[in-house]
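Participant: Here are the chains, one letter per residue:
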Amino acid sequence: MATVTDLSGALRRRATDVVLAAILVAATALQVCPGAQALLEFDRAGIAAGQYWRLATCNVVHFGWAQLLADAGAMAILWWVCRRRGVPAGWPVAMSLMAVGPAVWAWGGVDVYRGLSGINCALVASALADAALRARGQGGAGWWALLALLGARSVYELITGRGIGPTSLPSDVGLAGAAHLVGLAVGAAPAVVRRLARRGRTVRGTNAVLPAITGNGL
Amino acid sequence: MGTERSRRTIRIGAVGAVLAALVLTVGVAPAEAAGLLIADGGLGGVLEITEHSVDVTINNGIAVTEVTQVFRNTEQRQVEALYTFPVPKGASVANFSMWINGKEMVGEVVEKQRARDIYDSYKQIRRDPGLLEQKDYRTFEMRIFPIGPGAEQRVRITYYQELDTDHDWATYVYPLATASRVGVDSRATGRFAFNVHAKSEVPVVAVTSPSHGKDAVVVQHDPTYFQASLESAEGDLNKDVVVAYQLQRPRTGLDLIASRKGGADGTFCLTLTAGKELEQRNAPMDYVFVLDISGSMEHAGKLDLSRDTVGAFVDSLGEADRFEIITFNVAAQTLFGRITPADADSKRRAAEYLAGRQAKGGTVLGPALDAAYRFSDPDRTLNVVVLSDGMTEQQERDALVQRIKGRPANVRVFCVGVGNEVNRPLLGQLAEEAGGLAAFLSRGDDFQRQAKAFRRKLTRPAATDVAIEFEGGGVYDVIPRKLPNLYHGAPVRLYGRYRRDGQVKVTVRAKIGAAEMDQAATIELPRADDANPQIERMWAWHKIQHLLADASGAADPAVQAEIVRLGEAYSIATEYTSFIVLENDAEYRRWKIDRRNALQIQRDRASREKVQEQLAAIRANSARTLGPARVEPGGDGPVLASAQPEAGPPNAPASAQPAQSPPDTSRRRGWDISLPTRGGGPVGVIGWGAVAALVVATLRRRKDKGSDGNGD
Chain Z
1 MATVTDLSGA LRRRATDVVL AAILVAATAL QVCPGAQALL EFDRAGIAAG
51 QYWRLATCNV VHFGWAQLLA DAGAMAILWW VCRRRGVPAG WPVAMSLMAV
101 GPAVWAWGGV DVYRGLSGIN CALVASALAD AALRARGQGG AGWWALLALL
151 GARSVYELIT GRGIGPTSLP SDVGLAGAAH LVGLAVGAAP AVVRRLARRG
201 RTVRGTNAVL PAITGNGL
Chain P
219 MGTERSRRTI RIGAVGAVLA ALVLTVGVAP AEAAGLLIAD GGLGGVLEIT
269 EHSVDVTINN GIAVTEVTQV FRNTEQRQVE ALYTFPVPKG ASVANFSMWI
319 NGKEMVGEVV EKQRARDIYD SYKQIRRDPG LLEQKDYRTF EMRIFPIGPG
369 AEQRVRITYY QELDTDHDWA TYVYPLATAS RVGVDSRATG RFAFNVHAKS
419 EVPVVAVTSP SHGKDAVVVQ HDPTYFQASL ESAEGDLNKD VVVAYQLQRP
469 RTGLDLIASR KGGADGTFCL TLTAGKELEQ RNAPMDYVFV LDISGSMEHA
519 GKLDLSRDTV GAFVDSLGEA DRFEIITFNV AAQTLFGRIT PADADSKRRA
569 AEYLAGRQAK GGTVLGPALD AAYRFSDPDR TLNVVVLSDG MTEQQERDAL
619 VQRIKGRPAN VRVFCVGVGN EVNRPLLGQL AEEAGGLAAF LSRGDDFQRQ
669 AKAFRRKLTR PAATDVAIEF EGGGVYDVIP RKLPNLYHGA PVRLYGRYRR
719 DGQVKVTVRA KIGAAEMDQA ATIELPRADD ANPQIERMWA WHKIQHLLAD
769 ASGAADPAVQ AEIVRLGEAY SIATEYTSFI VLENDAEYRR WKIDRRNALQ
819 IQRDRASREK VQEQLAAIRA NSARTLGPAR VEPGGDGPVL ASAQPEAGPP
869 NAPASAQPAQ SPPDTSRRRG WDISLPTRGG GPVGVIGWGA VAALVVATLR
919 RRKDKGSDGN GD
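Quick note, the sequences are listed as chains Z and P, same order. For the first sequence, the working numbering begins at 1 and goes up steadily by one. For the second sequence, the working numbering begins at 219 and goes up steadily by one.
You may find that some hints are simply not true.
Distance windows between CB atoms, simulated [what the hints assert, rightly or not]:
#: 1; chain 1: Z; residue 1: L133; chain 2: P; residue 2: T740; range: 51 to 59 Å
#: 2; chain 1: Z; residue 1: T160; chain 2: P; residue 2: G624; range: 45 to 53 Å
#: 3; chain 1: P; residue 1: T725; chain 2: Z; residue 2: T160; range: 31 to 39 Å
#: 4; chain 1: P; residue 1: T725; chain 2: Z; residue 2: Y52; range: 17 to 25 Å
#: 5; chain 1: P; residue 1: G907; chain 2: Z; residue 2: G108; range: 26 to 34 Å
#: 6; chain 1: Z; residue 1: L39; chain 2: P; residue 2: R919; range: 37 to 45 Å
#: 7; chain 1: Z; residue 1: A152; chain 2: P; residue 2: T725; range: 36 to 44 Å
#: 8; chain 1: Z; residue 1: V19; chain 2: P; residue 2: A767; range: 17 to 25 Å
#: 9; chain 1: P; residue 1: K700; chain 2: Z; residue 2: V193; range: 56 to 64 Å
#: 10; chain 1: Z; residue 1: T160; chain 2: P; residue 2: G907; range: 34 to 42 Å
One-sided and incomplete, this derived list gives chain Z residues near chain P with beta-carbon spacing under 10 Å [as the list claims (entries may be wrong)]:
#: 11; residue: R12
#: 12; residue: A15
#: 13; residue: D43
#: 14; residue: A45
#: 15; residue: A70
#: 16; residue: V110
#: 17; residue: A131
#: 18; residue: A152
#: 19; residue: G161
Hints in this document: simulated from the structure, not taken from any laboratory. These figures come from a predicted structure and were not determined experimentally. All C-beta atoms, glycine included, are put in the ideal place defined by N, C-alpha and C.
Chain P on its own, in the form it takes in the complex (with noise of 0.2 Å):
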């Protein structure tokens, strides 16, 4: 950085408000923006982002972000500045570093008490340490004082998170939308670099940034790698960067990838995917849209993205389906009155009456939600769609659980958040206790395409009451224990730990329909695999939302020790560990904290290195086909795409296309598991009409044998 400082004291705070309901990102002024450096503490003073560079790695689903800011202080004045990070959807940050003296000090994790009195130790007399707590699960905060005039700070926060996947589209969002701070400037008036990295064992065959598509360049060397790039001066970061793939699986069926080095024990994360064979006849279902019109819905253009996503499924009904519509703030509305068939009337008045509802008053969704399981009929299942922006209060959680928990038995309750300021623990809570779902979507996204593969999810799921066994390996600490239905295009993904590498039989157990599904296949657990280092983290940081989870579990002691335990071993935030940074090795060694992190980082850093040389060995080989002679049509070059496609799959973001090529799927590591074909024989129409012969001719014979008093 460059920029000397005599004092600077950064107190981290995390923030974070615990919202509700699904994600569908929205809309937002240009003055909110993500990784925000303010002046606070009544100081005033204005911080610029002079740098701001996102460098993504995606493997398999699971996403490493690295954001590197500098900001720098415009006023002649000392400044005291705020730095603020909201962190994205179900993302557990691993690493916060800052540039102290022009090194980089990586922090460490300990546990949150010690972490403070370390803290304020250096407070008092005026050194450098940095702090980084969670106190919710969505922001962080740092603050960094002083600042001098002109200076300059750099920050680097390192977070990961598996993405959402929908109608086998993987989606990648950075949340510069997300109100981290209303009214501050948020436009980089340097230079915004963004780059996305991604490999996949299932092939990628389309790959676009619904956001930028104009904007972004989206290269496809091979049909398991793709990068995407985007960059620009003094960007005005008012709307999130998406990014989105297309997997293609065709046959149902597992994908592995382990993490395991030395003698220690390995971390796999196991995907079951559904295939195209299990797409089944959509049947007749009913729908009751439950509507949050609250006065926080009128924000950043939520009610209106809300009635869009509303308008667009309710247009995408049969007429065999029927629906209804709930809008709520304090009270609770309803369209019809009754559950009515999806026709055309019935789909202009909703229409109508979409566009004449105002945003206003608090959030009460539980009435709303006992009006809704009113219209339910035993005869048909009932799915209960919430469009909320999750602004229940907290003492009403317990109740909308149990409310969810009550639910009529052929009700499902599907949630739908409007906005990146979702309380998604709820959300998902609420989604596991109703055999529903929760969705997300970014404003940057197409809603129409969200729109389509949530009802896809509506409509029924692939199979359920899906379980998946271990034999050998030694194979323990599988989570989650208990998984959750398995969705067209939304892939169920567990992870665990093992102790012996080699093969495994792996027995997956569910329902499709009504039929039962036990299929076995035969994995192989890898001696030693550096390639994957990110799925031990998300191991520990699921272990850590399962114990997390548990409300009467945290509250144990012994379940405490063991958040720390994990969040020390890992480096993992979390309500019980905070991360520090102190100003120099020597520090860390006098509070006898160990450079866990330090070390983590730097191996993760060498493998992505190495990870690195594959994909630059795989885009040399795929530019080798590049030039006037070599070129041929259909070949395997690489495929620049940053404009509008020239056809894509119905209802996809527009932008890139697939590789020319087609995927090449013998490079794939997955097992496919071959669902029973399972026959029967009916009677038939030909089969009953013998049958009816014969019956027809024995009765006949009977009668004439009757008739000559020969009757048996």
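With the rest of the complex left out, here is chain Z (with noise of 0.2 Å):
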């Protein structure tokens, strides 16, 4: 018999592959609708004039196919490792979702911006943290430095405006590393906690049982 528990994760397991589903969905389909991306993008002139829609739904419109085809083909794949390896992905979506637009906006320098890239990141984060965790000493040093070339890229993005190696985007468009800074926040976050809360209950349980050990006299 499944328990409440088991419930609620298989239903926010639905929840999230229906956002994620509609989350491609959407970007494919704005692609041909140029008209409804320049509603929807981050437009810094537009969002001050209180267009406050578009601080989440520049997440999902393009500069182009090219850029909507590798950031939908890394998503999917994404949510396929999630979904495999049980990594809780409705967190990091929904608080990427929220978290990009005004990332980008309190950073400045950027005016319009469009892409999946911020969920992205919070998708890749959360999955690297949770394998590092899962790993347990065995390659989870690898997870979390794979994690921190990720955000080293993502500062080196934010300071320079230049991306490493060549980019799906147009010509004329720049980085936006604030935008992947903040996914990878967002998406490591939980996992870190969890990591942390983790290593409070194993020091406790050291400290307990150690002398209960000792007294035996092994």
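The task is to assemble the complex, starting from two chains supplied on their own in separate frames and drawing on the hints.
Facilitator: Here's what the structure looks like:
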């Protein structure tokens, strides 16, 4: 018999699937509607004029088919990875959807922003952190290192406005490092919090158990 | 003038030839020049130009040229003379004066047939009217009879024109080399003086005279004001006088000048200029050069100039570019027979091919254009560059326009007119229809500079689908309604009227590459400004051209009436209006002709004097820094430049250098447009690396679980 916890988890996974599928479908559909893209993109002037929806909807519009293909492809793969590995994707998707736009706004330097990459960063960070925690010392450092490398790349993008290696963006579009950085942060945060919480529990258990073992004369 | 003449009959007939193509003024024989008064009508006789002075005031790219000439009959008998004046491309004749009994009589514009009737009535009684008609857009003619033995005649013509601006260089050309009449001695036996005063809201960073670099003196008093001067005695006026100046607008933006007096509606001229930030990487492109080698190209070195221009253009192509050359007269001929990469071998073959062409036969452009279209590749943009002196027959015009309209989707057509006698309206129409543009060059100018500028334009427009909208100020009658593409170094200019002064929101929409730009700026329309009266006439002239361009509309009596109204109100000679000069004010009153132009001229001259006073103050201020005790290196003093420059921009015309001090951009009255900075987030190499690692780990985990019988 399924427990209440199992049902809740299944519903969460189903809801996440629906949201991710909707995002991919919407992103593809919007690519053929330039007028709608202009209404949904991150436009600093528009947001300043009260068009706050752009802070969230900027994630689902793209500068071209190449960017859409790369972003949507990465998201689909990460979606599959998260499902396979049992990584909760709802939190990173929801949080990045809300946080990327404000981060781009706060950092400045970019007037128009489009793309799923912030959400992708949240998903990849979540999956990497989860893999690191599951590894429990066996290769965990490698996953953390990969996550740190992504963070360093985003910082580099933030500072220089340039990417490393070829990108799927049109030549006249720069990089919004703030979107990546905040995506990584909201994606990795739950796993990091979980790890810190576990470490705290482990320390308390050691303090309690060891004297008892010693007392047994082993 | 001081010379008595008992009878003069002046008949001015417009003579013009509508020629075609783009403008590259070509060398001409010494016997061809502007502003000629020649003996005519079978009476013979020789007339000398004893004085020829040209005063040019350039205000933010709009030049007002006032030409004063004195002619003398050197024979001991009475002669009839024909005065002919070639109007430079895109110019609007705004005044014609002649001296009668020692007094300048300013002409007035009236409806053409009425002007003719008035003229005929005077002719019958052998009195002295003058009539200036425009039968085509390019040349004006006037007859003077009789001119007594040894008598002199002084005339003055004023015309307005917008300067051509390419590659950030604005170029003024005084068309001395234009062939207004073959076989006429045009040398000035007396003084020839040429003076330019130019002011600009956008800082001027360099000034030069490519045609007379060693003879002209160029003085830049201030980043917004320069002066150029050329003077000679017994000058051989066989070469255009060219003055070019470079503007520097680092950011994309708008510049505004306005004119408003009293409570009347105002007129403004708004200029949109592409800034450096719009520069984009050049993409490989295909070019087909369609070169006119008809007989008319033999004159005045036109074919040589075309060859040089195409050669320079081909040399500038990169190896990723491809090209083909088609020559045509009555038939078309290709060089390669296919579009060919611009490598060293193909460039060498092109040079040999061009060198072997000879000018002969008639001009049939249509089949050559069709042949050019056949080289279009669906995956690349094809630029068809037509170089011709524009001798296309009038009846071919509609067919040609249809051919342009019917071009393949990825083809743009550019027209390069060779010679001053090109059909500018036709070229402009062709360029507009073709999504391309027309370019203009004088022989006195540096063709390599022009070739480079043209290449820059051909490569990619800075912005397409440009639209400018106004909110507030009661702005109306904005011309042109449909703006052309914005090219680097070539601003888009539009004119309009406004009812109310104050702030106006200007929204600029355009497509930059694939991105949409939608930016707004708030500009200030002045309550009163009398420093720029010329833009009122330029607005009216553009409106008239707009009405004339619509062939169906031009045939409409209501449209003709509107053209007459504008011509009379703003004193512009058109196909439906003419200048008439009467003997005295009483004669004007007798015919109930308002002295609008006389008043306008008074006002314009007062305005110019006011501007001259301001410029004199700048000169005086600048001159204060001169002197051994005051001049410091890098100071603000004027820079005299009449020789070759020490350094200059690539392919810039040789001559003057800018002021030693950097431009004072803080004085400019313009509005920068903040182009949107676009940002996105690619997955990137590292991102894909992380995704790949996760995928591999997930697959391995699944495999491990599967081997344990616990696969999910």
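Participant: Does each hint fit the structure? Answer for all of them.
Facilitator: Quick rundown of the hints versus the structure:
1. Z:L133 <-> P:T740: 51 to 59 Å: About 55 Å separates the Cβ atoms of L133 of chain Z and T740 of chain P, which means 51 to 59 Å holds.
2. Z:T160 <-> P:G624: 45 to 53 Å: holds (49 Å)
3. P:T725 <-> Z:T160: 31 to 39 Å: holds (33 Å)
4. P:T725 <-> Z:Y52: 17 to 25 Å: Since the Cβ atoms of T725 of chain P and Y52 of chain Z sit about 22 Å apart, the hinted range of 17 to 25 Å holds.
5. P:G907 <-> Z:G108: 26 to 34 Å: Roughly 29 Å apart at Cβ, these two residues keep to the hinted range, so it holds.
6. Z:L39 <-> P:R919: 37 to 45 Å: At 43 Å between Cβs, range holds.
7. Z:A152 <-> P:T725: 36 to 44 Å: Taking Cβ atoms as reference, A152 of chain Z and T725 of chain P lie about 42 Å apart, which means the hint holds.
8. Z:V19 <-> P:A767: 17 to 25 Å: Once the Cβ atoms are compared, 56 Å apart, the range 17 to 25 Å for A767 of chain P and V19 of chain Z is violated.
9. P:K700 <-> Z:V193: 56 to 64 Å: Once the Cβ atoms are compared, 59 Å apart, the range 56 to 64 Å for V193 of chain Z and K700 of chain P holds.
10. Z:T160 <-> P:G907: 34 to 42 Å: violated (20 Å)
11. R12: Violated. Min distance 17 Å.
12. A15: violated (20 Å)
13. D43: holds (8 Å)
14. A45: With Cβ-Cβ at 8 Å, under 10 Å, it holds.
15. A70: Hint holds; A70 of chain Z Cβ to chain P Cβ min 5 Å, cut 10 Å.
16. V110: holds (4 Å)
17. A131: holds (6 Å)
18. A152: holds (9 Å)
19. G161: holds (8 Å)
Violation of the numbered hints given earlier is confined to hints 8, 10, 11, 12; the remaining hints are satisfied by the structure.
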